[in-house]
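> Sequence:
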Amino acid sequence: VEEREVVETCYRKGLVRVLTATSTLAAGVNLPARRVIFRQPMIGREFLDGTRYKQMAGRAGRTGIDTKGESVLICKPGELKRIMTLLNEGCPPLQSCLSEDKNGMTHAILEVVAGGIVQTAKDIHRYVRCTLLNSTKPFEDVVKSAQDSLRWLCHRKFLEWNEETKLYSTTPLGRGAFGSSLCPEESLIVLDDLLRAREGLVMASDLHLVYLVTPINVGVEPNWELYYERFMKLSPLEQSVGNRVGVVEPFLMRMAHGATVRTLNKPQDVKKNLRGEYDNRHGSTSIKMLSDEQMLRVCKRFFVALILSKLVQEASVTEVCEAFKVARGMVQSLQENAGRFSSMVSVFCERLGWHDLEGLVAKLQNRVSFGVRAEIVELTSIPYVKGSRARALYKAGLRTSQAIAEASIPEIVKALFESSAWAAEGTGQRRIQLGLAKKIKNGARKIVLEKAEEARAAAFS
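Okay, so the sequence shown: first residue is 1 according to full-length UniProt numbering, each after it adds one.
Simulated from the structure, these hints should not be mistaken for laboratory data. Heads up, the beta-carbon is just placed ideally off N, CA and C, and yes, glycines get one too. Among the clues, some could well be false.
As the list claims (entries may be wrong) - Estimated spans, in silico, between C-beta atoms of each pair:
1. E140 / C75: 21 to 31 Å
2. P410 / A457: 27 to 37 Å
3. V18 / L167: 57 to 67 Å
4. R34 / G219: 24 to 34 Å
5. A457 / E406: 16 to 26 Å
6. L449 / Q147: 47 to 57 Å
7. E140 / K76: 26 to 36 Å
8. V248 / P410: 54 to 64 Å
9. L201 / C75: 54 to 64 Å
10. T22 / Q147: 16 to 26 Å
11. H125 / I74: 50 to 60 Å
Input sequences plus hints: build the corresponding full structure.
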């Protein structure tokens, strides 16, 4: 995460003039450029389509940042005809995410009820008239879809209908899903995980808590042979965590021996499968009813949890990549996603009134995001202090924001750089070290002052 921030900052300031990236990164990161160069018109085995081309080429000559932009697409002579078609290709027609094949209506209905926009049956009619779906489908079909979603949400206890007032309202579960921005299908899986965790949370290891804040759908394909080997080498305690969340040895053995599982690629199929997974598991701690597809999702999620659990024990990204045979960028991306997901789970717990779990999950958020142990989490709230710097300051005895705010600049420089590769002599190097130490000290002082102001306000309130 630190490396990525450094690269992005240097690029925006013009210190880095050229970036190379995969198509995924090129489409997803907001880094404008003067010129975008495509090495080939392929993404994997697929030929580049007009939408993705425009998305990636569109960062060249961004309005308000540059006056012009260029896009260069390198291709073979035989591909020229397809390239010309690609360049002139229009955007595909817009499709509503509320349509049945995209399963978005349920989430939308929950949000408008939780937001107070929809409360009565008449409100439903008014709401669906304002949707894109209503302009592309018959009104009766759209209303039926909305009513089906309402029934499902009521049946699953997200919403409740008051016969006296004739109004819909949200339950704690509905407020949890709305406040955390989890879709209803994911909320049910998170709810089931949390219910079983409350019955028996393994606190002797970080692994169980880390699993709870690991995103449900992870785009990681494990090396199954390595995964099985790693699982068998886990301590009995950690293996019991795997068994509690649904990982079973026979399934891992099958995958390690090359068994295949039919995967669901369409988002609507994944959501339907999530619903089925909850239906199978709800009300029981048994995992025997999970289908192979559901078991696959649980196992992939647990694999990511194993990676993250190493990071929160302050294993370096390099060590983790070597141990689990995953790319460095993927590990850093997993950290970011898990940090966000832990925030969502924390809000979910708070809205349900489960303050015990909320506290545990909230404390884990920075640990997952920055890859640190519990004792140095406080230091990561200081600007420019992440995992390695927090540990260096802690080892030097600067263990709180107060201590850093009171320390001298030379003390901070000594703590951060004396034993690191940055310890090289030189006027330029020394200037960078002093500048960073000043920023850290100022950041710590600001935090101390804010805490003092909060304490003063609380005392007089």
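> Against this structure, judge whether each hint is valid.
Hints, verified against the model:
no.	hint	in the structure
1	E140 / C75: 21 to 31 Å	violated (49 Å)
2	P410 / A457: 27 to 37 Å	holds (35 Å)
3	V18 / L167: 57 to 67 Å	holds (59 Å)
4	R34 / G219: 24 to 34 Å	holds (31 Å)
5	A457 / E406: 16 to 26 Å	holds (23 Å)
6	L449 / Q147: 47 to 57 Å	holds (55 Å)
7	E140 / K76: 26 to 36 Å	violated (52 Å)
8	V248 / P410: 54 to 64 Å	holds (56 Å)
9	L201 / C75: 54 to 64 Å	holds (56 Å)
10	T22 / Q147: 16 to 26 Å	violated (43 Å)
11	H125 / I74: 50 to 60 Å	holds (54 Å)
Checked against the numbered hints above, the structure breaks hints 1, 7, 10 and satisfies the rest.
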